[in-house]
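Student: Now for the letters of each chain:
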Amino acid sequence: MSEQKPDQALRRSPLYRRHLQLNARFEELGDALVVSAYGDTGMEPRLGVSLAVADLCCLPRTGFKGPGAPDWAADQGVELPSAPNTALAQADGSLVAKLSHQELLICSDMQGHSGLIDRLNHQAPAPGVYSLPRADSHSWLAVTGLLAAEMFSKICGVDLRTHKFAQGQVAQTSIAKINGVIVRHDLGATPCFHIFSDIASTEFLWDCLLDAMEEHLGVAIGVAAIRSLAATE
Amino acid sequence: MKLLTCPLNGQRNISEFTYGGEYHPMPNPNSTSPRKWAEYVFFHDNEAGVVIEWWCHTASSFWFLAERNTVTDTVIRTFEASEIFKRRIDFVEPTSGDIT
Amino acid sequence: MQRLPLPYGLLIDREQTIGFSFENKSYQGFAGDTIASALAANNQWLLSRSFKYHRPRGALTMAGQDANTMVQLPSNPNALADKEPLSADLRVMGQNYSGSLKTDRGALLGLFSRFLPVGFYYKAFFKPRGIWEKWAPLIRKKAGLGIIDQQLEPDYYDKQYKFYDVVVVGAGPSGMQAALTAAVDGCEVLLVDENPVLGGSLNYSRLDAKGSMAREVRDLLVHDIEANSNITCMTNATVNAWFADNWLPIICQKRLYKVRAKQTILCTGALEQQAVFHNNDLPGVMMSSAAQRLIHLYGVRPGKTAVIVTGNDDGYANALDLTDAGVQVAAIVDLRDKPKSSPLVRAAKRRGIEIKTGYAVYAAQKRRNHLAGVVIRKILSQGVCDTQSKKIRCDLLCMAIGYTPTYQLACQAGGQLSYDDKSAMFTLNNLPDGLQIAGSVDSYWDLGNCLEEGARAATIATNGLGFTQAVIPEPIAKEKHSPNHSWPIFAHPKGKEFVDYDEDLTIADIVNATRDGYEHIQLVKRYSTCGMGPSQGRHSALAAARLVAAATNRTVAETGVTTARPPFAPEHLGHSAGRSFYPARRSNMHYRHIEAGAQMLQAGAWYRPAFYGEATDRENRINNEVNNVRNNVGLVDVSTLGGLEVRGPDAGEFLNRFYTFGFIKQPVGRARYALLTNEAGVVIDDGVACRFSHQHYYVTATTGGVDRVYQTMLKWNAQWRLDVDIANVTSAYCGVNIAGPRARQVLAKICSDIDLRAEAFPYMGVREGTVADIPARLIRVGFVGELGYEIHVPQQYGEALWDALMEAGREETIKPFGIEAQRILRLEKGHIIIGQDTDAMSNPMEVQMGWAVSHKKPFFVGGRTIAELEMKMPIRSLVGFVVNDENAPIPLESHLVLDGDQMTGRVTSCNYSPTLGKPIGLAYVQPHCAEPGSQISIKSSGAVMVEANVVTLPFYDSKTLRQEL
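Residue numbers (the numbering used here), protein chains in the order written: chain P, 1 to 233; chain F, 1001 to 1100; chain A, 2001 to 2965.
Possibly wrong hints are sitting among the right ones.
As the list claims (entries may be wrong) - Below, a list of computed lysine-lysine pairs in the DSS-like style, where the Cα atoms sit at most 30 Å apart:
#  : chain 1 : residue 1 : chain 2 : residue 2
1  : A       : Lys-2872  : F       : Lys-1036
2  : A       : Lys-2856  : F       : Lys-1036
3  : A       : Lys-2083  : A       : Lys-2052
4  : A       : Lys-2025  : A       : Lys-2102
5  : F       : Lys-1086  : A       : Lys-2856
6  : P       : Lys-154   : A       : Lys-2254
7  : P       : Lys-177   : A       : Lys-2162
8  : A       : Lys-2480  : A       : Lys-2422
9  : A       : Lys-2159  : P       : Lys-164
10 : A       : Lys-2162  : P       : Lys-164
If you are wondering where the hints come from, they were derived from the structure by calculation, not from laboratory data.
All chains, full assembly: derive it from the sequences and hints.
Tutor: Structure representation (structure tokens):
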């Protein structure tokens, strides 16, 4: 692992100082650095099966809304979720969430492949389609593990237990008193809840999550563990 | 805590919502009398019975309307604003009369 | 420590002895004991002193339902000794006494009780004015409840949401049956009980002569519940309120569960009531159920010789339990003239127990702070006894005269309490949908009926949820024999027949309250304080209602009870204060400010730098920051500023309707001031609208206002339905304002793709390009009145942008400035801050913003109201003023502007201006004082009158040339 400093990159996760405090090891991803792992790379996926949180703020994501957005996205090869507040995995591993009849949130796979997102972002705007800077406006944290819903019940009033909040369901709600979007998109067999929330509140939310997780021995894990979980059926 | 059903997001705790006041049709701002306009802006019916109210689901910024019985504090139904506001509203010059 | 043999003592673990102290004397108990049960096992019955008369008190319910057992724990006053589990080395003290618990000097107060009539405080301290302040500390000391540990290290309290299909409150027979019936396939059930184990009354009461039925039924039900994975049990947990739509706060240990139930079934049972007679509060006088709890739950013999006063067959069951436990029952005193024969009555007779029917316990006698005997008399008519007395020696008196349903949660849910004269019982009706009651709370007493009703309530619930579609049977007919006696109240010439133990209120106190004119039960409560103590009327509501009814010639039903409000039981502040969230928003440059020594302040959730440097050097630091902007170049973080994208064919039309100005003809590449009013014409926000393309405006809004502005925009367009998209991108952009005469010089070093020359990029121009290779939006604005560029970049590049500008400006000695300096800079320019210089009444004309209101538009929000206001005489005007007197104290915000002794306005902003060298400010004044040159008088700190001169705005750079450089 090379000695890379996250504050040398142009784009920086709002959490990079927290990661440095946790002795994180970083790896390059586009024009940013993401946490590869904090501790034992072999151990982290196992922690993720129980309860963990990962910072995905530097992974690609985008959004589109407007009356023309769904049709336009479909024309670009996006497979649309059937109803608002549901999400659908795409063939290339990216995830598309429908937040209303006119609004889409698109995020990359756990490798940070940005093919679809770049393609959509670089399309000439069509009438009634408006881009949203989701990578800048919203943080992206992933909470994984069998105890995730139990932890969430301390900070969020929506019932996220896995038998009540199915794979592909989306909840726009309040988490620790800030607004956010929660998307259930499991990593292989491990339940995973992706939180997209106000980026200026990222540190606040991160601290709240770690505090609420403490009771269940939840910890922060890096993208290496996330990828490993995603690859496990 | 009460529950409220958002037409977009479903049933949620009322703490997830912002109250937007009673719904009143706006009189034509360019032709109505000062009295009628003042009543529209400043008077609230505060009716004992079924009223229509604006509510916004804060996390998704989605506005909708609710029929609520203010005596029993029961929400009879909630519905999208497009049920009342079916088409674009335009205002015309002060002298020429009504909203089209 | 003496205990009854097994199987007595369901809750205690005889293997685990626990040492503790009470009043500095050591005792031993068992794990599973409460403080009170362990003390009782050691023959220590006196637990506390009463609130007003300092009378000796002991266990009454053994269920934590009364204030008699309040004790002081090291860090917890008012702990209920009959609820609080025993823990190792616990130091327990009595409370509310002077001297010792055994000989309390305060008990002398009882002798003066006739001088402490009902409503005493109202009467005694009403006049003269101020007398209460004098007496209050003394009285509070006498009437204090425990001591707060001010050194306490608070424990960690948590909160958690829970979701269930059905929540059953109370795990007695009805509750357990309801939970089992409701737990049909897939239906998630929570069964809550405040006791340590399931079973409710089955754990301690006797249902049959043989005495085995309760335990057998309990074991069967508990077995089935434990085997059912759909049922979650929560014991030692209190459902402390019912809120709308079955929202139940449940307190369990150090956690507050916020439970949403789709259906709630209340099987909360009933609370046994006391008989009201002289000295009915002595230790040794207790509910029959309390004696049975001591025997069955803790294996403690409640006395040596007992008398039972009863009005129902439970008293006979109680007698059987007592004799089984080795207590000699001296007599059963039955208030009923001719009790119907039943297996329990026959069994008691067979044991040779003396039964006095038609008799009352008229008085209790005291020796050494404990019951020594009772006086019984023949009942002649309601509440009236013969003069002939008979004394019976005893150290235990059990009261079994009836019950009150535990109605609190049901009443909070909107249930109405009525009184049934025939059964002499409160009954509940009018319950909301989604809420059922079953068991003794619904006046069923027979076990079979309770089980059936529990099942019936559960079926209504599961039908309601769609889990079942069963036919609901009719409710079972109410039983013929009520356990309640209609008048177990016997006045005594010497009084002390306590109706409310918490507040030391007697029959005379309640009756006198009605004589003083307080006839309504709610007024009786407030005047007498009946029901206002810690047990919240659990044992006084019924007797008080009966007394008030009789005293006012009404029925008990007409009299009613007082409102039952949450919480059901006292709760620790920690439960409310536990895990709370205080959102904090940080700009991407946050830590650069910290590293530069900024003093941060929080504006809403946002952290912002107030100024840079030591707090002790505040004024100096701020002034230096101001000077550096005026003379050189400064950098301020404006990331918190609201940002809204308004895009689409109708973007211009939308802004035209929303803001006061005209926007349709605004050229691309230009910014325009945007003033927002509400429908009442009141100024509520401002910003600039930057037109980046024909269909794209980027609109700024105030830090505190943007969320509301965004919501309001969406609300209007839900009505107008214009072809426009509105997006709140506040957090998506980080921004700085680089301002000062050398701003361009610095910026030019790292911005090569925008022509920065004044003629190419003029004041109020907007451009897109890159700064230090970061994609950026540049706006030439003049909030601080110097050549300046607001640079907005995607959020995650914020820190890199800050670093690049600080580096580029090194030669020019660029310095960061905070919002304090910014406030002075803008004040020198006479720019208002919405919310500081405006209030809930400010219209544009009053704040000299008439120029920002277009009159050429068919409509804008607030337009019609503004048009009406323009036709009226103005009431006030916001003006600039300077203070020329060097010695005058600087006026502060909200200081009044006076005209003689008339208040005519107020200061909204005022600061020493380092640029002008004197205090400057903004104030609302009467229109005739608005002309430059007018004099105004401001009442400043210390009531010093400060003369100020109204001047033309801006204070500085009157031709506004500097910002247009």
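Student: Would you mind marking each hint as holding or not holding in the structure?
Tutor: Hint check results:
no.	hint	verdict
1	A:Lys-2872 / F:Lys-1036	holds (17 Å)
2	A:Lys-2856 / F:Lys-1036	holds (23 Å)
3	A:Lys-2083 / A:Lys-2052	holds (23 Å)
4	A:Lys-2025 / A:Lys-2102	holds (13 Å)
5	F:Lys-1086 / A:Lys-2856	holds (28 Å)
6	P:Lys-154 / A:Lys-2254	holds (13 Å)
7	P:Lys-177 / A:Lys-2162	holds (17 Å)
8	A:Lys-2480 / A:Lys-2422	holds (10 Å)
9	A:Lys-2159 / P:Lys-164	holds (21 Å)
10	A:Lys-2162 / P:Lys-164	holds (12 Å)
In the structure shown, no violation is registered for any of the earlier numbered hints.
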